[in-house]
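Colleague: Listed in order, the protein sequences are those of chains A and B. Just so you know, we're using the working numbering here: the first sequence kicks off at 1 and counts up by one. Just so you know, we're using the working numbering here: the second sequence kicks off at 1 and counts up by one.
No lab work stands behind these hints, which were simulated from the structure alone. From the three backbone atoms N, C-alpha and C, an ideal C-beta is built for every residue, glycine too. Hints should not be assumed to be uniformly reliable.
[What the hints assert, rightly or not] The calculated label-pair distances, taken between Cβ atoms and stated as ranges, are:
#1 A:E133 / B:D105: 22 to 30 Å
#2 A:I38 / B:D34: 15 to 23 Å
#3 B:A89 / A:T137: 27 to 35 Å
#4 B:H101 / A:Q18: 47 to 55 Å
#5 B:R73 / A:D105: 39 to 47 Å
#6 A:T79 / B:A108: 34 to 42 Å
2 protein chains.
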Amino acid sequence: MPEQPSGRRERKKAATRQKIADTALRLFLERGYDAVGIRDVAAEADVAVTTVFAHFASKEALVFERDADFEQRLARAVTDRAPGESLVAALRREIHALVRHCLADDAAPAWHMIDTSPALREYEGAMRLRHAEALATALADEPGPPRSDTVRRAIARFVVDAFALARDADDPQAAVDDIFRMIEAAWEAADTGVRVPLSG
Amino acid sequence: MPEQPSGRRERKKAATRQKIADTALRLFLERGYDAVGIRDVAAEADVAVTTVFAHFASKEALVFERDADFEQRLARAVTDRAPGESLVAALRREIHALVRHCLADDAAPAWHMIDTSPALREYEGAMRLRHAEALATALADEPGPPRSDTVRRAIARFVVDAFALARDADDPQAAVDDIFRMIEAAWEAADTGVRVPLSG
DNA sequence: ACCGTAACACTAACCGTTAGTTTAAATAAA
DNA sequence: TTTATTTAAACTAACGGTTAGTGTTACGGT
Chain A
1 MPEQPSGRRE RKKAATRQKI ADTALRLFLE RGYDAVGIRD VAAEADVAVT
51 TVFAHFASKE ALVFERDADF EQRLARAVTD RAPGESLVAA LRREIHALVR
101 HCLADDAAPA WHMIDTSPAL REYEGAMRLR HAEALATALA DEPGPPRSDT
151 VRRAIARFVV DAFALARDAD DPQAAVDDIF RMIEAAWEAA DTGVRVPLSG
Chain B
1 MPEQPSGRRE RKKAATRQKI ADTALRLFLE RGYDAVGIRD VAAEADVAVT
51 TVFAHFASKE ALVFERDADF EQRLARAVTD RAPGESLVAA LRREIHALVR
101 HCLADDAAPA WHMIDTSPAL REYEGAMRLR HAEALATALA DEPGPPRSDT
151 VRRAIARFVV DAFALARDAD DPQAAVDDIF RMIEAAWEAA DTGVRVPLSG
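Please construct the entire structure, taking both the sequences and the accompanying hints into account.
Modeller: Structure follows, in structure tokens:
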């Protein structure tokens, strides 16, 4: 049981993983996602095909290596927000930041690739659903009137929807504001006239 | 150019398609989705593997054969509603009906299979996104204050989210009502204080 | 120095999916 | 009817992502 995981093994493993991810992204951007096979990636990174899948669950996962913290960022935007800030405001701020981040010049080519590949879009959608579930869980610890599980999961979905739609919009930042105006109204409406769930 | 496509060819083709779909669903329910290969389906239906893919775009599509009208039902709920009925009310009624439909005794086993298979859940998610886009398009012809493309697509997503979440909830019908209370508020909030898009 | 184990290589396959080609039946044209 | 055109479907072979099985090596704790 390595208390301090600072061994040579871990470093080599991390290096291998990094090399695979970098090589994959480079090849994908150079030749196109569909034109590059896993066997190509493995050969170029000088590892075995099985090693690629030892580090990444699927070909698509290679693309989203860099945005692995999306889920944590959403949850922390809720839990670590300033005392005065409202829940919805904190989420809007975070979505603004995330949209800005993936529209930055260095990330833009990768996102263009994602947008033009059906396989990657589908994978991203499934990813966002998982993120929404994590956000819904984080919402459970919120103060205020108790909200049902359904309401929390709905709000969480709306938030990730906002991210997806804003990326497509002509004016992404304005789109975030438009959608969050709706989310705020939805969040407030969830309070009024709701029966609290019978059990719990 | 056959004006009346009532030839023997079309009938045989439809019969083959039906036989494949029926056989596939039966095998999937009997042995489990992952335990049945396309080659099994083809053999049992007494057709070639290529014939299966001539009728269905993917293995997952075999499962959703019966719910192919989901997209049209959403769009028609909007366009064909009674003159007095509000947009949101019409959508809520349709989602209620759709949830009830897929919770009926004969459809329940298939939906349980979908819920327990990651591949099928992912496919369904991508499907619903397409349906949301279609609904957003149908929303463009609505009377009332002009709403931006972003607002329409957001509402459309919220609606299909309602369907997905209600299916998971303990009390599906109540969940639909809870979420639509939020959607209604969101829809109304989209009017207030919005700048109309600059072009158009 | 020793041994357990984690990381990786290699082979060979499985499965969904597609391309290319061919057969045969239904329909249209002669 | 006979011929020609169309088209559903068969067959063969492969491609590409993914996994199982099996070693081999090098690190790390003792």
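Colleague: Take the hints in turn and mark each one as holding or not.
Modeller: These are the hints, each one checked on the structure:
no.: 1; hint: A:E133 / B:D105: 22 to 30 Å; verdict: holds (28 Å)
no.: 2; hint: A:I38 / B:D34: 15 to 23 Å; verdict: holds (21 Å)
no.: 3; hint: B:A89 / A:T137: 27 to 35 Å; verdict: holds (32 Å)
no.: 4; hint: B:H101 / A:Q18: 47 to 55 Å; verdict: holds (49 Å)
no.: 5; hint: B:R73 / A:D105: 39 to 47 Å; verdict: holds (43 Å)
no.: 6; hint: A:T79 / B:A108: 34 to 42 Å; verdict: holds (38 Å)
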